[in-house]
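J.: Protein chains in written order, with the working numbering: chain A, 2 to 98; chain B, 151 to 384; chain C, 19 to 265; chain D, 1288 to 1472.
To be clear, the hints were calculated from the coordinates, so they are not data collected in a lab.
Every residue gets a Cβ at the ideal spot worked out from N, C-alpha and C, and that includes glycine.
Any given hint could be a false lead.
As the list claims (entries may be wrong) - Sample of chain B residues lacking proximity to chain C, with all beta carbon distances greater than 12 angstroms (derived):
| no. | residue |
| --- | --- |
| 1 | V181 |
| 2 | A217 |
| 3 | M232 |
| 4 | R240 |
| 5 | S257 |
| 6 | A335 |
| 7 | V353 |
What the hints assert, rightly or not - Simulated restraints, written as ranges between beta carbons of each label pair:
| no. | chain 1 | residue 1 | chain 2 | residue 2 | range |
| --- | --- | --- | --- | --- | --- |
| 8 | C | F52 | B | A195 | 37 to 43 angstroms |
| 9 | C | G22 | A | A71 | 56 to 62 angstroms |
| 10 | C | G234 | A | F92 | 39 to 45 angstroms |
| 11 | C | A42 | A | A86 | 33 to 39 angstroms |
| 12 | A | R73 | D | S1443 | 49 to 55 angstroms |
| 13 | D | K1331 | A | A86 | 24 to 30 angstroms |
| 14 | D | T1401 | C | V205 | 46 to 52 angstroms |
| 15 | D | Y1367 | B | M223 | 36 to 42 angstroms |
| 16 | B | M223 | C | S112 | 32 to 38 angstroms |
| 17 | A | A71 | D | K1331 | 23 to 29 angstroms |
| 18 | C | D252 | B | M223 | 48 to 54 angstroms |
| 19 | C | F52 | B | P220 | 50 to 56 angstroms |
| 20 | A | V53 | D | V1343 | 51 to 57 angstroms |
One letter stands for each residue in the lines below.
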Amino acid sequence: METSAKKRLLVAWVVVVAITVIYLWIDRSADDRGVLVSSVAVTVAAIGLALVKFRIILGEFMDVRHAPRALRRITDLLVVVIAMALLSAYFVGRAVA
Amino acid sequence: MSRSGERVIFWTLPAVAVIWIAAFLLFPGFVPPMSPKASAAEVAAFYRDHLSRVRYSMILFNWFCVALIPILMLLVERMRGMAHRTPVLRYCVIGAAGAAPIAFLTSTVFWLIAAFRPDRSPALTQMCNDLAWITFTCGVPFLIGLCVFVAVAIAYDDQEQPVFPRWVGRFNLVIALALVPACFAGLTLDGPFAWNGFVSFWVKNLAIALWIVVMAVVLRQAMDRDRVVAGAAA
Amino acid sequence: MSLGASLRTDPKRELWFAWYSTVAFYSLYSVVFFVLTRTQPPGRPWLTPEQTVAWFADRHWGLLVGFALIFVLGGFSATSISLITYSIRRMSVSRAYAYSYLILYAIAAIPGFLFICVAMTVGAMRPERDPALLHWLYDFGFLSFSGTMGVFLVGSLIWMAAILLDKNGVFPRWFGYLNLCNALTEVVIAPSWIFQRGVLAWNGVIAWWIDVAVFGMYTVVFIYLLRSLIQRDDLGTGPVPAPVITG
Amino acid sequence: MTETERVPGEGDMWFFVVFESLVFTSYFCVYLYDRAQHEHAFLKAQSALNLPLGIVETILLLTSSWAIARCVQEVRAARYRSAQRFVLATVGLGVAFFGCKLAEWVRLIGDGHTFTSSEFMQHFFFLTGMHAIHLLIGFVVLGVIRYQLADPQHRSHQTIETCSTYWHTVDLFWVLIFALLYIVR
């Protein structure tokens, strides 16, 4: 059981690092020969992936996975609130601009 | 708890009083107080004509405006003998006693800046002068607080032999009230409420002087009594 | 029991005196700054000298009367400070924490609110003053008010450390962490010394609105917690002076 | 595998995690909104950032988070010496992150991208600076763990877990800051 916990932590680390490296690819493919171009898809993907990492850190590293339901709910709600807040700030900003 | 050395602090009071009165009389803008209606040119001329007296009187105040703090701490020590269950009112007095001289110190800084370059544009000198006078006249919130806290402390000191007589509490409230009109000195440039007016200048400053004298007398009595009690216990 | 009667006879009367004074002080403070003087939310940092003249003219009497009220009652800021100092004295930490808090906040009153009162009063009392000088007074008022947060920063950290080290359970531990959040938002105001416009200026979304939201919550929470602290305290009704807590 | 449910660390610490996350979220919202108003200027200023460096920083911090999570596992298994090594690793990775951060700031400032040079850089230095302050507090917190581990008398598993929760929170904020400053277009 203990080795499985250790292994699980390592897998979580590999996943978050892999997601970080995906950013490199997203970033390269988004730009026009080194010139940065505005892109809704990249923005939404960046925020989405960051929140996936956010959730993995909470669940695996911070051990919320084993926490009582209330804390699991609260942290899930936190992720949802952050997602909605960031996306609405971005889209409302674009609509106003 | 040791009371030793308290009389040394107490007897700094006459020295402080002499220095304060000397500085007060040395500052040419106090007797009579400068008028807020003076034009910028008149204010600039005042600083040019009385440069040395402004500087040396304000340096004196700058040195010694905090000199009352040790004596106020004697008052705080007497409050330990009051019929209170918590030190909250003592902390209130310490807080107010710390802030009050700093407000006064700020006004001396503005006066000294005004006098630093008498050849400055008269409008600037006038602004520094205004800042000094408003800080000096209106900057009494901590003194008002101090008086009210002492009054409440005395009112709550319900024991047979209270630390200070009852009337001292009421006296503190009267002094607090006497300081209130000065807070409104910004509203008018002449009349009794202006910063050079009878109420905002003379009533306020004489009230502070009276407070110091009366509190010194009752403080002395309370200290003597403490010593008698301590002697009897020993 | 009515307020008046309880302030005369309750064994906790000096605590209640300090608590009601705290509530009264913060209420007066809000009314003066938000309603009478309209100096909160703060004026725009990018006003020209001529616009500053209009700004002062627009709230001439409000500034003079409002800040005169602060000159009268500002000393009552000491009541919340002393109540908090007392709360720290109830904790299982050195008195050094309590005294640090007391001295930090007592002195913080001068830059914290006395300077803006003086600057704005001086500005309002002579509307005919050179606009450039009114501009300077305007800056002095707002920058001294917003930009002098170091004492509050360190003060919050002192209170936080005391709460987290305390074993007497005087405050819930989450409030200790809220002190850290409050201290961290005090940092955010510092850029108001640098920016004349934008989100970090003294009226900016980050430096003012978010900050005031956190500070407002913090203040309401600590006033409420001080109340429950007083209610919980058992000071007995025996004869005094036999102080429960000295120091 | 059934385990009893338990709050990691002190329950009250989670108030900090949630509250401080919301405060940071409000800063992010202001940034994203501002960004949408001046998209072109933001993109131009953003191109001064060095993405590979940002990725290295992110990986350093994620690894430090992993190390402190391992430390907690070792503490639970009562292997305190091994736990000590993981705390040291965490400190080392945190210092490396901070070193990269300083190098990045120095390079940007040297190139004329300062706190006041553009709105994007204003947000960049503000957010990374606020994060750095949290990180520095984190070193104090790691010091508490080390002190607790070294002294069997004062050793409290709960305190150690609470402190590790703080360190993870520093990581949480960075993950968002990184995506928002370096990747968002």
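J.: Each hint: holds or not?
T.: Now for the hints, and whether the structure bears them out:
For V181/B, the non-interface assignment is confirmed: its Cβ lies about 23 angstroms from the closest Cβ of chain C, beyond the 12 angstroms cut-off. Its beta-carbon lying about 17 angstroms from the closest one in chain C, A217/B satisfies the requirement of being farther than 12 angstroms from that chain. Annotated as non-interface, M232/B brings its C-beta within 12 angstroms of a C-beta of chain C; the closest such distance is 6 angstroms. Separation of R240/B from chain C is inadequate, the least Cβ-Cβ distance of about 8 angstroms not exceeding the 12 angstroms criterion.
Here S257/B does not stay apart from chain C, with its beta-carbon only about 9 angstroms from theirs, under the 12 angstroms limit. With a least CB separation of 8 angstroms from chain C, A335/B falls inside the 12 angstroms interface cut-off, contrary to its annotation. The beta carbon of V353/B sits about 15 angstroms from the closest Cβ of chain C, which is more than 12 angstroms, so the claim that it is off the interface holds. Taken as a hint, the range 37 to 43 angstroms holds for the pair F52/C and A195/B, whose Cβ atoms sit roughly 42 angstroms apart.
G22/C and A71/A have their C-beta atoms about 44 angstroms apart, which leaves the hinted 56 to 62 angstroms range violated. The hint said 39 to 45 angstroms for the Cβ distance between G234/C and F92/A, and at roughly 28 angstroms that hint is violated. For A42/C paired with A86/A, a C-beta distance near 37 angstroms keeps the hint of 33 to 39 angstroms intact. A hinted range of 49 to 55 angstroms is violated for the C-beta pair R73/A and S1443/D, which are about 24 angstroms apart.
Our hint of 24 to 30 angstroms for K1331/D and A86/A holds, since their Cβ atoms are close to 26 angstroms apart. Our hint of 46 to 52 angstroms for T1401/D and V205/C is violated, since their Cβ atoms are close to 19 angstroms apart. As the Cβ distance of Y1367/D to M223/B is approximately 50 angstroms, the hint placing it in 36 to 42 angstroms is violated. Distance hint for M223/B and S112/C: a CB-CB separation of about 21 angstroms, inconsistent with the stated range 32 to 38 angstroms.
Against the hinted window of 23 to 29 angstroms, the Cβ-Cβ separation of A71/A and K1331/D comes to about 46 angstroms, which falls outside the hint. The hinted range of 48 to 54 angstroms is not satisfied by D252/C and M223/B, whose Cβ atoms lie roughly 30 angstroms apart. Our hint of 50 to 56 angstroms for F52/C and P220/B is violated, since their Cβ atoms are close to 40 angstroms apart. The hinted window of 51 to 57 angstroms between V53/A and V1343/D is violated, with their beta carbons roughly 20 angstroms apart.
When held up to the earlier numbered hints, the structure conflicts with 3, 4, 5, 6, 9, 10, 12, 14, 15, 16, 17, 18, 19 and 20 and fits the remainder.
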